[in-house]
Each structure stands twice: as C-alpha cells, then as structure tokens.
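**Student:** Which chain is which? The protein sequence lines are A and B, in order.
Numbered by the numbering used here, the letters in the first sequence go through residues 1 to 527 in order.
Numbered by the numbering used here, the letters in the second sequence go through residues 528 to 1054 in order.
Simulated from the structure, these hints should not be mistaken for lab results.
All figures in this text were calculated on a predicted structure; none of them were measured in a lab.
Please note: incorrect hints may appear among the correct ones.
Reference listing, derived: stretches of chain A covered by chain B, where coverage requires no fewer than 3 residues with Cβ under 8 Å from a Cβ of chain B [unchecked claim]: (1) 133 to 144; (2) 244 to 251; (3) 456 to 462; (4) 483 to 491.
Note that the Cβ used here is the ideal one computed from N, Cα and C, for glycine as well.
2 protein chains.
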Amino acid sequence: MSYQPVLIAGAWRTSAGTTKTFTAVNPMTRMPLPDVYPVSPWKEVEEALVAGATAAEALRDIAPEARARFLEVFADAIEARTEAIVSLGYLETGLAIEPRLRSSELPRTTDQLRQAAAATRERSWCHATIDTRRGLRSVLGPLGGPVVVFGPNNFPFAFNSVSGGDAAAALAAGNPIIAKANTGHPGTTKLLTEAAFEAVQATGMPEALVQLIYRTDHESGTRLVSHPLVGATGFTGSRSAGLQLKEAADRAGKPIYLEMSSVNPVFVLPGALEERLEAIADELFASCSLGTGQFCTKPGLTVVMASECSEAFLQAIAARFEAPPGVLLGSSGLWTVGDAVQQLCAAGAELIVGGREVEGAGFRYANTLLRVSGEQFLAQPEALQTEAFGVVSLIVFARDTAQMQEIARHFEGNLTGSFYTHSGGADDGIYDLVAPIVRTKVGRLLNDAMPTGVAVSPAMNHGGPFPATGHPGFTAVGIPAAMLRFAALHSYDRVRAHRLPAELQDRNPTGQMWRFIDGTWTQGDVV
Amino acid sequence: MSYQPVLIAGAWRTSAGTTKTFTAVNPMTRMPLPDVYPVSPWKEVEEALVAGATAAEALRDIAPEARARFLEVFADAIEARTEAIVSLGYLETGLAIEPRLRSSELPRTTDQLRQAAAATRERSWCHATIDTRRGLRSVLGPLGGPVVVFGPNNFPFAFNSVSGGDAAAALAAGNPIIAKANTGHPGTTKLLTEAAFEAVQATGMPEALVQLIYRTDHESGTRLVSHPLVGATGFTGSRSAGLQLKEAADRAGKPIYLEMSSVNPVFVLPGALEERLEAIADELFASCSLGTGQFCTKPGLTVVMASECSEAFLQAIAARFEAPPGVLLGSSGLWTVGDAVQQLCAAGAELIVGGREVEGAGFRYANTLLRVSGEQFLAQPEALQTEAFGVVSLIVFARDTAQMQEIARHFEGNLTGSFYTHSGGADDGIYDLVAPIVRTKVGRLLNDAMPTGVAVSPAMNHGGPFPATGHPGFTAVGIPAAMLRFAALHSYDRVRAHRLPAELQDRNPTGQMWRFIDGTWTQGDVV
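Let the hints inform the model, and build the full structure from the sequences given.
**Tutor:** In structure tokens form, the structure reads like this:
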C-alpha cells in the first residue's frame, strides 16, 4: 500500500487531504487495490487554480510549434509506459487487455493526441478571419484560464481526464488543464499524468500546464467549476453529477461542456427486418454488449413496427441476451443498472430476459431485455428513456408510422439515432416521415449501422441536444471540431500590424493554414 | 387610442391579455403614447410555441433560396414603410430621426437582413465538413424549434426583436422566431413585424415563421425560454433581466445567448496623452455621449497613469462633459443611471461633473464624470465596474504599470477593450504588459479607436466573456458568425447518399459554397 501524491504547480507532492482518502476497487474481485488516494481539500484545489491561471498567462508566449511538440512527446511518453498503463487500467476497470485496452484504446488515445498536435501546428482550427476593408480580424484564442476535466469511468485512456479527448482539445487550443481523475481508475490517471508531466518538462512548457487531483468533496467541485480563474470545464459522466456541476458553472457564467446520458434510439423498419432480421439482431447485441454496455453510445432503445416479424426479432435478440454477462466497472454500476431497470419496469416495460444481479466475484448484472408498447411509451416517455449503463435494451413496438413519429417527437436529446432500412428502398416512405424528426433530437444520425464506434474525424459529432450534452453546437470527439469548445472569439479592431497574433498578420504564418480572407478560404497571404 | 393585436400562428389577433395592458411613453415629453398593448397570458405564449414548433418542422422542406428571398422581401417591406417606422421609432425612443434613425440605423437593419439573405443563399456559413474515408459528413443545421428574441431598448431597428441581428441570424440559420417586443418601442416593433409578415405571405413561408408578443409576466418569460419546444433564446438587455432568463434556460438545457452589460475599458497610455490629449478627449466624449450613452459599447471606464498630464486630460474631459445632456430612452433609464452613479460614489469614486437628474420635459440626467485611484479601484473592483447606461464615465488613475496590470486582472468580461498609444511606439512597453491581460477579458480589442461603432463584418466580435455575454465563443453581430449561435451540429454517419442534405452531397449545390472536404476548404465537388 502506498499513499499517492497529487501534481500541483509543477510538483508531485503529498496532498493536504490526508484525513480523507479512498482506494480503487478491482471490479473482477470486488477487492480494494493497494494504493491510497487523497481527497483534496479546497485550499489545494485553489492552489491548482492559481497555478493554472499563471500557466495560462505564460502560454501566450509559447509558439504553436512548441505546444504541438509537447502533445507529441506526451503521446510518446504514454507509449513508453504501455505495459504499466495497460496492466493497471485492467486492474482498475476490468476491461479486457486484448482486444480492448492495449490494441484499441491506447492507440486511439495517442492517435488523438497526435491529431491534436497536428491541428495545433497547422492552425486552421482557429478560423482566422480577415476583413481588410474594415480593418477587422478575428481568431479563436485561449480562454485565459485553466480547463478543468472530469473524465468518465468507461474509457480509462481515451476519455481520461489527462489524456483523453477533452484534455487533448483543451491543450491543443492553448489552455492549461486541471485533471480531476475518475475515482474508478486513479492509478491509471496518475501514470498518464506522469507521462504528461515528463513531456511538460522535456519541452519547456509552463510547469502547471497539467495538474492532477483525484477527488474533492461536492462543494469543492462546484466551487472549482465556477471559480473566477477557471477558463471552462469538460465533464463526461452521469447526468446527476453533471447537472450539479452545470448549475454551478452556469450561475457563474463559466462555460461547461457535458456529456451526460443518451439512450441512442435505433429504428429497425419493417423492410429491413424482412430482409435481414438475424444479422441486425447480431449487430444490436454486439453493439449493446460492447464494454459490458457501458458506452455513451450504447443502443438502449430500439423502435420497431408491431408485427409478427418484429416479435420474431424480439425473440432473436432475447436468445442473444441469454449470454453470460461481462464485468461492470464498479459497484455503483450494479446499483445504477438495477435502479434503471426498476424504473423502466415501474413505467410499464415488461422484462423479457435478465433483470437481476449475478452473484459471484465480479460486479455482474444479467443482460437485460425489455419491451413496451408505443401507447405505453407515450404515456411515460421520460421514465422510459432512463439510461441503464449496462447491457440493457428496451424494444418499443409502434402501432403505425404516425405513432412512430409521435414516439420520435417525445425523444429527449441523444448523442445518436440510427435507422435500419430495406436495401431496396422499401422503407424510404417511413424513413422520410420519421428521420427528420429524429434529426433535430440527435447529434449523429446513422444509416444501417449501430452507434458504438466513434471515429476521431473532423466530421464527427459526439454530442447532441440536452440532456445528452449541455449544448447542441459542439462535439466532444473529433479534431479540430472538439477544440472549438475551449476557445474564445477574439476580434482585433484596427490593431497595429505588429501587435496582431501571427495567425492574423498579412503573411500566412505557415504557408499552409486555411484562413477566411474577405469572403474566401485561402492558404495565401493577404494581398 | 387603439388596442394593438399580437401575431400568433399566422394571424393578427386580439390578445387574450386584455386585463393587463401597457402603453409606451414619449421620452421627450414623459407623456404616454396613445396605443395600448397587451400583456400576453401564458396560454397565448404557449400557442406561439406550438405554432413555432410546427413552423420549424415545415421549414425543413423549404430551400435556402426561398428563405433568402424571404429575408430580402422583408428588407424591402421595411424600406417601403420607412416614414412610418422612423416617425414612430422617434416618438417611442426620442432618438434623433437624423442622422440616427433614418440614415443610419434603418439602412443598417436592412443591410443586415440582406447580408443574412446572402449568407443563406451562399451556404458556406454551415461549415459542411466531409470525411470521405470514414463516411462521415457534418453540417450546422436548424435547432428544431423556434428562437425567442428579446430585443433591447436602445436600437429600435438594428437590434429589434423582429428585424435585428438576433432575428436575422436565427432566421438565416433556418429557424422560426418568436419576437418579444421591447416594451419601450412596441409600436415600432409592430410595424417591423407587419413588414416581416407581409414577406412571409409573399414568399410562401410557414405562417408562424415570425410571431410577435409584446410583454409577459416574469413567470411566463422564464417558462418561455425553458420550454421543451424552444430552440434557443437571444436576449439583449439588462444584466438583472438577462440573469433571470439565463437561469431558467440553463436549468432546462436550452441554449440562451445574452448580451448584458459592459463598461468597455479604454487605456490611454502616457505617450498618447503627451502626443494628442485634446483629440483623445474629443473622441472619448463623442463615443461616450453617442445615443445619450446608451450603447452597449459605451466607454464607461478609462484607465490612465497618474501624472500631471492625466490630470490635464481629466480637466479636458470634464469641460466636454459640461455640455447639456440628451434625452434618455425611458424613465427606468433615469433611475438606473442615478442608482449606478450612487453605487460608484459609494464605492469611493469622486464626482467631477454631473451626478444629478435634470428637470424638465424629457428624461435627462446630467453628463457625469467620476474619478478614482488605482488603489481604491482594487479595493472595490466589482462595485466600480457597475455599468451606468447613460453619459457616465469613470477615470481610474493607476500608480504604475504593475498596478495597471492588476487593474486589468480584476476586470469582468467586457465586449471591448481599447488602447490609445503613442504613434511612435513610446508606449509599446506598457502595451505589451497590459494588453495580453485585457485580451482574454474582452471580445474585441481596439487600437487608437473608441469602441462604439460595431461593423457588421465576418471578423466582428460583438461578444465577450461573462457577464458581458453568456458565452465567450459567439458574437451577436456579424454575418455569418452570429448565425452559429442558432445552429446545431448535425453529423451523418454512413447515411445513404440520396438522403443527405444538399450541402453534404457529393456535388456542390451552388458551385460556390465553401466546404471542408478531407482537410481542404474547397468550392468543388467531392471527387
């Protein structure tokens, strides 16, 4: 057993929070892991804020090339620690080393950091806009204060507070970060922070560019996100925790980007079922059970048209759901899944398979399938959209197209919405009536594909309307789009030429950067 | 006297709110104007929401070209009513017909609508992004519900709830609007809405594309901005009203864009004063007294270095402030200016000129100049940044550069920050130490110019960090940038080609539209 330090103001140090501590738990054995982590008192959190604000000022004098270098050295330093990170990640989360942690999530994480480095170096992300006639130039710049990142439990590397998408985007946009570790994997987060801090030192970055705390009490958390020195917050996690932070940040006028909950509706239209029922049942179960159902994009709600064929579809899914369940990330996963299933049943859903905790060493909950009629869904639409963060799926049987439209109109905001339709166009009539309604309720609309699998692409939207996120205009995944969250719009009005940032001077600073000059996107100079 | 109708669901009708009414007041005479306006009850507001949601669905099938045509016909219809609009605008606001209302603000308003039309037609604003390798395409699309617009009292045309920047941006982005008139100029708003509704009918738009109510009680206002059917809200007005709406919208997860308050700091550095003290005093007074000081960008706080020269500057300004005051927009202007001056004095500011209401027919408050030391400013920085919406300005005397930096560090978020410096570079040392701090506190940084005068340019930022606005990433002025507030990010993942919106299909729909295809901005097709 060893007492783990926090990283504040460029030094690993024993936390002042020695009276309150916590340990991580191995979800496969339900046994605590040996290391002990502090709950940081407010004074320590405030020290991180002050150091972060100083780092934000210092960052102004550091060129994009140097910041890009930092992100690359950070990625290299993660790879150099692969074995340690993967091993501890496995112990803290129970996620499979292969094919998940080593060959998929870790490379995704370093790839994301390198994409962020490339965007930092290339600079087009900042949307430099030049109006030569009026002497006005604008650019997206840093926020002027540190970005606080709360990472989720389900992606210990790729959405990690220090190495994940929010951190990469915030750093690439020119901000320092304060990482608040997910308490499910504090050791993994510490290893990743060691890699980050090594890169900070190797590339001469401001020492408080990256800081780490593991946990605070609730009051300190809300004070943190609403503090005058904070630039913004990125949060991925539960709706209840997210809403508490959102309220505090909103009241203080501090930007907060949240990714909270989503049931990711999937419409399987009649022609598609006629055509390929078994294949779609395979896809649905595979997507639903990925990561033991603990993906933000897990398909939790499937809408079909009531028919013999859709009854057969239910049976086909049910057979697949009989498979033995995987291990959940933690004990809280067991409670929340159980609660959610209870809520769904209380709201009129009928249990088809599962619906109970599985006893044994690991945290396991039986794969759970439920069904409900369209009428009943419309009677309690809110309760029947309760997210169950596990292998739980609800099938809604619509009476007709009009009811399917009405069901779609009652959707809350979601990350994704999917449509499976007949390959020959037999479902296009229904699609054209329902998909436009779903379009404005989701961030990403899919055809003939399940929503899990979120590519790091400029055209990705891992976002959507509330309560999936806090704002429908931004994505949490995708470089450079995700960077836009952690930037402020800076206009320069008749500012003398030599005082303009390089991105806005007449000469294109890289010869490659795209800029919007007098109504034209160009890689050229102002002429 | 005549009882004025509301415009709901495509019909001018007598409001259900006949028990509560209000009239506008002529600020030059303090006498009520003859027309009577209803306070709409909640039921009527909800009818507008439902009709607006239907219009949002109908808009999906209307091509950008038709929406652009609507905006142009709207601009034409305003021009056809110029005399009536200008005359009533003058009576309701007291703003000069010339050079303000007829030759400046009205053309600005129609120009803005035509710029919005051009952006709608041209389509580059929606940032169509295509990743051919991953089958992902994204675009900014409409919000799926009506945008509520609360316009301010100080620009009856160019920021009007129905014809101003927020309305133009929301409509151009493909959303219906519900205009909540500013109660200072309900008749002007009605005339502008008549122009809008004529254009709706002439161009075959959904009948509830534009709706108008004049006033609600507070509870209905907060219900309106937080209603499930609402797309977003644009608000320009006082900080207290804005914060109430913000809290309600934030809690419901509904986007709200606010432009609330700003003191627009101006730094006049020593070399500039040595060089051109009288000219800068002229500029400061001219900017400060424009629109009787009721501009969001009025320079309310000037920072100088304490010296004999800056004392002479104060005297030069004071002499100009002795001029007779203009007419304020309403009685509430008198109270709030008086309150603000009292707060500034209570926080240690010393009154140099003015500080009292001027008796007579119109609402007038003496031009008011105050001074305070840097020490005192730092002792009560919040109170000394109280916005006074009139010809009121506070001069802060900093002891040295370090104190000037500290003053800047204590600024709240502002729309603008200005620096006057020596033309030969004698102030550049101080500029380099202070301007970077100001940069992250303001939306628009100016050199050698006062902040009033907000060009409608793609490179404008009429925005800034809280409490100037609710989000540092967006501008309320400037096409197409202002449209981004009223859009949602829509990603399409492997969606069949014929189902993609025209902007994302392989063929460039206009041959002119800029799209970001596989990392390159191009006007070409996907090849």
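**Student:** Count the residues of the segment 456 to 462 of chain A whose Cβ falls closer than 8 Å to any Cβ of chain B, and tell me whether that reaches three.
**Tutor:** holds (count 5)
**Student:** Has the segment 133 to 144 of chain A got at least three residues whose CB is nearer than 8 Å to a CB belonging to chain B?
**Tutor:** Holds, because 9 residues of the segment 133 to 144 of chain A bring their Cβ atoms closer than 8 Å to Cβ atoms of chain B.
**Student:** Are 3 or more residues of the segment 244 to 251 of chain A near chain B, judged by a Cβ distance of less than 8 Å?
**Tutor:** holds (count 4)
**Student:** Do at least three Cβ atoms from the segment 483 to 491 of chain A come closer than 8 Å to Cβ atoms of chain B?
**Tutor:** holds (count 7)
Violated hints: none; the structure is consistent with every hint.
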